[in-house]
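Q: Given chain A, work out where chains B and C should sit, using these hints.
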Amino acid sequence: MLKRTHFNPSPLPYLLVTPQILITIIFFIWPASQAVFQSLLVEDAFGLKTEFVWFDNFIELFSDQIYFNSFGKTIVFSSLVAFLSLGTALILAATADRIVRGATTYRTLLIWPYAVAPVVAGTLWMFIFDPTLGIVAYMLDMMGYDWNHRLNGNQAMALIIFAASWKQISYNFLFFLAGMQAIPKSLTEAAAIDGAGPAWRFWTIIFPLLSPTTFFLLVMNIVYAFFETFGIVHAVTKGGPAGATEIMVYKVYNDGFIGLDLGGSAAQSVVLMVIVITLTVIQFRYIERKVEY
Amino acid sequence: MVENRPITTFCSHAVLICGIAIVVFPIWITFVAASHDAVRMTQTPLPLLPGDQFFVNLKDTFIKGVGNAREQSVGLMLMNSLIMAMMIAVGKIFISLLSAFAIVYFRFPFRMGFFWMIFVTLMLPVEVRILPTFEVVANLGMLNNYWGLSIPLIASATATFMFRQVFLTVPDELLEAARIDGAGPMRFFKDILVPVSRTNIAALFVILFIYGWNQYLWPLLITTDKNMYTIVMGIKQMLEAAEESPEWHLIMMTTLLAMLPPVAVVVGMQKLFIKGLTETEK
Amino acid sequence: MAEVILEKVVKAYGKTEVIHGISTAIADGEFIVIVGPSGCGKSTVLRMIAGLEKISGGIIRIDGREVNNLEPKDRDIAMVFQNYALYPHMTVFNNMAYGLKLRKFTKDEIKHRVDQAAQLLQLDGLLERKPRQLSGGQRQRVAMGRCIVREPKVFLFDEPLSNLDAKLRVQMRLELRKLHERLKVTSIYVTHDQVEAMTLGDRLIVINEGAAEQIGSPLELYEKPATKFVAGFIGSPSMNFIEARLSRDGQSANIQGDVRLALSDDGAPDFGDRKVIIGIRPEHFNISESNPQAIPLSVDHIEILGADTMVYGRFADTPDLITIRLPDIHHFKSEKVLPLSVAPDKIHIFNKDTGARI
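Top to bottom, those sequences are chains A, B and C.
Under the numbering used here, the first residue of the first sequence carries the number 317, and numbering increases by one thereafter.
Under the numbering used here, the first residue of the second sequence carries the number 243, and numbering increases by one thereafter.
Under the numbering used here, the first residue of the third sequence carries the number -3, and numbering increases by one thereafter.
Okay, chain A solo, but in the shape it has when bound:
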């Protein structure tokens, strides 16, 4: 849109955008509108009759204690995942930024969990914490702590938080490190000449200057924890025990594909869409603001 010259008008640009637009309409816009439409319908038990019920599905959803629990669990899950992985990544990046020798080697060793699929990450952690065989479970047992995430809901939640945070560390690490390396060295040097020690410098210079990166990562981590952790939950706990780890994306899948509650699942889809759209808008407003400065 900022180009000085353009090609002459012709049907070509329409041809060029056609594949992308077709796929968007068929697999994104149409299903999304279907989800909105279905969320207003109720199907009877035999699938013979559908009835238009306006917002009944939503009313039912919001008056459903189970859904509220799921919502609460999602919040707990996402905030802990964001906190844990951001915190670890920040410490590692701050240290790696100070290191002169071997920084690349450390980076190589730290970034690869990004490439591990969530469901695979889940499998790894489940194996380590397997109540009968797992190595960590065994060690905990030795220390007198009984670990069984198949029975204990809090432990199950902790396990998926560990797995989800573990996988996200590399992503956060890379962005933090890039953000820190973009801060001019002269700033920290000036602060050092002013007499600030390393920790003080970090909190007064580096951390404030890093805040755009931190904010961006916070949004990205919440999006990740909300939507991309399905594989982890599905592999590790299947939402159990007794729904203790049934976060919202898992519930949509479970109610729709396993429970076959179409209207309810569609209503949940719509709620999730509203959340994603809100997060995307927040993120874009932030990007716009960044552009202004």
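Source of the hints: derived by calculation from the structure; they are not laboratory data.
Computed from a prediction, not measured in an experiment: that's the story for all the values here.
Heads up, a few of these hints could be off.
Distance ranges between label pairs, derived from CB positions [unchecked claim]:
id	chain 1	residue 1	chain 2	residue 2	range
1	A	VAL590	B	LYS301	20 to 28 Å
2	A	VAL590	C	LYS11	38 to 46 Å
3	A	LEU456	B	ASN469	36 to 44 Å
4	A	PRO327	B	PHE267	26 to 34 Å
5	B	CYS253	A	GLY469	37 to 45 Å
6	B	VAL436	A	THR530	34 to 42 Å
7	B	PHE267	A	LEU525	53 to 61 Å
8	B	GLY383	A	PHE573	17 to 25 Å
9	B	LEU324	A	GLU376	40 to 48 Å
10	C	ALA162	B	CYS253	52 to 60 Å
11	C	LYS11	A	TRP346	37 to 45 Å
12	C	GLY10	B	GLY383	50 to 58 Å
13	C	LEU164	B	VAL436	27 to 35 Å
Idealized CB from N, CA, C, for every residue including glycine.
A: Frame of chain A; chains B and C shown alone:
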């Protein structure tokens, strides 16, 4: 680095080594588990050091297959994953290049409309619209084939945005010089624009390949035929099939195999990967 | 080779007209320079000739053929861009050959032409390099080579030397001129640098705010600027402009109080007793101690450049500083009064309202 006291340097290295230990630990355990035999993997405590069965297990998974009745071929699942990942990565890059080209280099009615329509895909991850999308794919007869696995995932707002950004930084004079040299739009696209953006394309390919390889929910929904299973979902099926007494040494071997290609891509093409990651998310 | 004719060429973006009808005929083999301050529309004129901008009005002809609606590639022109616009991923050879390949020349013909151009431009050893491995001057030559191989009817240059450092610029200027003398291809050259314009052009078109102020040879422009704008733009340092009132017979001009300048024989009787603008180039002042008619300049400060000395000062109470260039080295203290004279035929008179030459 401002100070250079040995003690701070030592502490920094110590912190990083701890971090790496946390990050590497699950993989180490996986590798160890994949190198012992079935019997050892049922005795507590499980080993912390590798055994000598690694290549035996490797051969076992490949030759005999995995799963309850050994009916799933690991080679086939790897192949399916590879095909799906390639189709998704190449497809996304291809259609995004085309639409970014149209949006940047042409003025046409509804251009902004198309732009926003593409933007919508950013807002609707597959997880939030699984049921209706599944219905569409089922109606189109795309269950249990590679088209169904890849096409619904290849619309990409991020890739389109990134290419738009890249194209906007390509100097206008290149287009003008090409026009004077006698190149039409598609010539310019093929001879100048794509070669000029090749590093960005490569960087994006790394990210999208990993994205494609690691798809889980989507293949899980639309494949019921074991011959179409991807390796990532295959692991889950193995776990499920063997709820009672999982053969951990084989499962962990398969897990290693499932991780290997994307990890190799990230580590081997680190520079491109970091470039791709930081540029697509901007 | 061909002549290029512009007939009342107009460019408008929406309702804003930026080029207000420029007409000129550029002869076959001529080197013409379009010069003007930045933002005056000179590049737009060039880009309209190239076909990169649509023409909103008027006609452009190349070699007798109207090209208004022709694509750039069909106009038989070649262009050197300010940033050279070399294709970064292609070797020097392929950069030069690309246009020929698209025009379906045979491999042998392409090789022949590129080799010849490379030899002419001393690029022989560099054909397999990528643009980023070349120096600024070499890139500039490749951009030239890309034009030469096509053997077009017209060369277009869009400030091609402005990205080079000062020394290289002087050298490339000379090379360009020599190249033109050898190839004799009609060339249209855009620049904001008046020295470049004066040294390169057979003729200059001075453009200001989208209109041609004057078209003529460099000397014509220097000696007989048609407008105050041209007078100020051509020559460095710029011409001094002083408000003055003509005597009743138009034979002399009064600058504040009693300071009086004699004009050349014919003078400007039509403008007798009216306020005008007097223009005198810094290099046209002489110190003449003995002349009783001399005008006194009170020195403000001086700059000694070695070959010349620039003196800045005021006549009586003129508000602006007057610049004077004297050959050789002079040491004048500030407040010193210099007696100056100007040959009457070096005095330019401009209409105070329209800026046109009188």
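Q: Evaluate each hint against the coordinates.
A: Here is what the structure says about each hint:
1. VAL590/A to LYS301/B: 20 to 28 Å: The hint (20 to 28 Å, Cβ to Cβ) is violated, given that VAL590/A and LYS301/B are roughly 51 Å apart.
2. VAL590/A to LYS11/C: 38 to 46 Å: holds (45 Å)
3. LEU456/A to ASN469/B: 36 to 44 Å: holds (41 Å)
4. PRO327/A to PHE267/B: 26 to 34 Å: violated (58 Å)
5. CYS253/B to GLY469/A: 37 to 45 Å: Cβ of CYS253/B to Cβ of GLY469/A: about 38 Å, so the range 37 to 45 Å holds.
6. VAL436/B to THR530/A: 34 to 42 Å: holds (36 Å)
7. PHE267/B to LEU525/A: 53 to 61 Å: violated (33 Å)
8. GLY383/B to PHE573/A: 17 to 25 Å: holds (20 Å)
9. LEU324/B to GLU376/A: 40 to 48 Å: holds (44 Å)
10. ALA162/C to CYS253/B: 52 to 60 Å: About 54 Å separates the Cβ atoms of ALA162/C and CYS253/B, which means 52 to 60 Å holds.
11. LYS11/C to TRP346/A: 37 to 45 Å: Roughly 43 Å apart at Cβ, these two residues keep to the hinted range, so it holds.
12. GLY10/C to GLY383/B: 50 to 58 Å: Between GLY10/C and GLY383/B, where Cβ atoms are some 51 Å apart, the hint holds.
13. LEU164/C to VAL436/B: 27 to 35 Å: holds (33 Å)
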